[in-house]
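For this one, chain S is given, so just place chain D on it according to the hints.
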Amino acid sequence: MSARRIRLLIWKEFTQLRRDPLLIRLLLVMPVLQLILFGYVVAVDIRNLATAVVDLDQTSTSRKLEAAFSGSGYFTITHTPATEDDLRPLLDRGTVKVALVIPEGTQDRLDRGETAPIGIIVDGSDSQISAVGSGYASQIIAQFNADRMTEQG
Amino acid sequence: MRSALVRIGAIVRKEFRHLARDPRMLLAVVITPVIQLLLFAYAISFDVENVPTIVIDLDQTQTSRTYVERYEASTFFDVVAHGGTMAQVDAAFDANSARVAVVIPAGFARTLAGGEAAQVAVLIDGSEPTAAKVSQAYSVALNQLYSQQLTRQWADQQGLDLSSLGTLEPRIRTWYNPERKSSDFLIPGLMVVILAIVTVQQTAVTLVRERDQGTQEQLEVSPMRQIELMIGKLLPWTLIAFADMALITGLGRSIFGVPLRGDFWTLALGSALFVFASLGMGLVISAIAPSLDTANILAMLIAFLPAFLLSGFAFALDQIPVFLQWVSYLFPARFMVTISRGVFLKGAGFMELWPELAALTVYALVMLVISSVLYGRRSAR
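Residue numbers (this note's numbering), protein chains in the order written: chain S, 1 to 153; chain D, 1001 to 1381.
If you are wondering where the hints come from, they were derived from the structure by calculation, not from laboratory data.
Hints are not guaranteed to be accurate.
Stated by the list, open to error - According to the in silico footprint, chain D covers these stretches of chain S (three or more CB under 8 Å from chain D): (1) 5-12; (2) 19-27; (3) 32-46; (4) 65-73; (5) 113-124.
Here a beta-carbon is modelled for each residue, glycine too, at the ideal position from N, C-alpha and C.
So here's chain S without its partners, still in its complex pose:
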């Protein structure tokens, strides 16, 4: 062990580094860039999911449900196709990630005290979006039911 020999080696390494200015810059920029990128990309909040709504009911209930979805901030209604068949190309192209299908007669079923199914389609080719999107959709519908109950009760 000789401190002098180690010092000389260190000096040599730095000299080599200095002769490759691109490498120094890269070594300084890389960690910062990685930090920024990972920070922004990995920890992203899922919001404003592009959503298509097929409203086959066209009643005040269905409109209220749509408003509940777009008001939540998690979903942004970008398309309102007339039929369910029109959803296929939208999801195929990835234009929308979530679709809400309100079947005909939803309001009638609710008024009769029945359970009315609401179709929610999530794009499973993106598992983060499908997990979070279906969770939020369930939450909004549960909230919608609770609100209706409070209004009546």
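Coordinates of chain D only, in the frame set by chain S:
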């Protein structure tokens, strides 16, 4: 033309001979993709179910137990422990034995019986953001269902008629991946990441290595033309990239059962364009990097990082900040991930994916032109 082909053939043979004589390199291009595929596919998972949950029931009444049963019955929460003090929550979170804690305060049943709103604390371990967000959404939904049921009971007791009040029931369908398998989602994107790493990294060092080993001069004094050298250098890597792609597709289908629903030839065309674009990027690095180290780091910077983070392979592109979305268009990986996922999962073909294919074509052409200009200028010096 004939002699040009002979010269290109000579370079191709030379490159393959290098590969054969350097087992480490062979290992790097064949074994590494397999290891990456297995590691990533098993390690990364966005599936959120059976979230380990600890229940702290400070009320210990029939009502609180009925409430806890809700969590036990759901497939989303997995009640792994019951406790009596708040300290147990900290202990369970620290030991990672639970990710969600449900705390029912004393007096829960009394408050409810008195017709008031009772509070329940749901604590979520936020160190995994996706799991935390989904857990939050589900516990809110679960609580609302429970309170709805309570309201009904209460209304029944009061003799109020709620029979005219129906409820909406979400029927959730997951298209393209009904079982929500993470591997179905990840492997088509992973293929792109692996292809980007192998192709860019290897071509980035190929010309630098010639300079380092002093064989650059030999190539320059040979009758070899610039363009012939480039084609000769690119061909072997194109073949290897295709072999890797076939390998990953084969493993993905056989081991992980990833479906290939769309048009195979669209995928092949996309891959070819993507490989050319990546090889072009590698050659650009090779032309500007003064040393092997620099070439390696540059390759990591423009191949691995964008392919991993800005391609949509694992992280949703429409959710990242807008300026990063613009940056993502500067790299070919995002187009290729869309193509790969479209063909594998969505059963898409040329009709749906032509915009991405067009973008890749432009990208590949631009990259090959830039690299030949840069490289031509360099050797003219």
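Hint check results:
| no. | hint | verdict |
| --- | --- | --- |
| 1 | 5-12 | violated (count 0) |
| 2 | 19-27 | holds (count 5) |
| 3 | 32-46 | holds (count 11) |
| 4 | 65-73 | violated (count 1) |
| 5 | 113-124 | holds (count 12) |
Violated hints, in rising order: 1, 4; the structure is consistent with all others.
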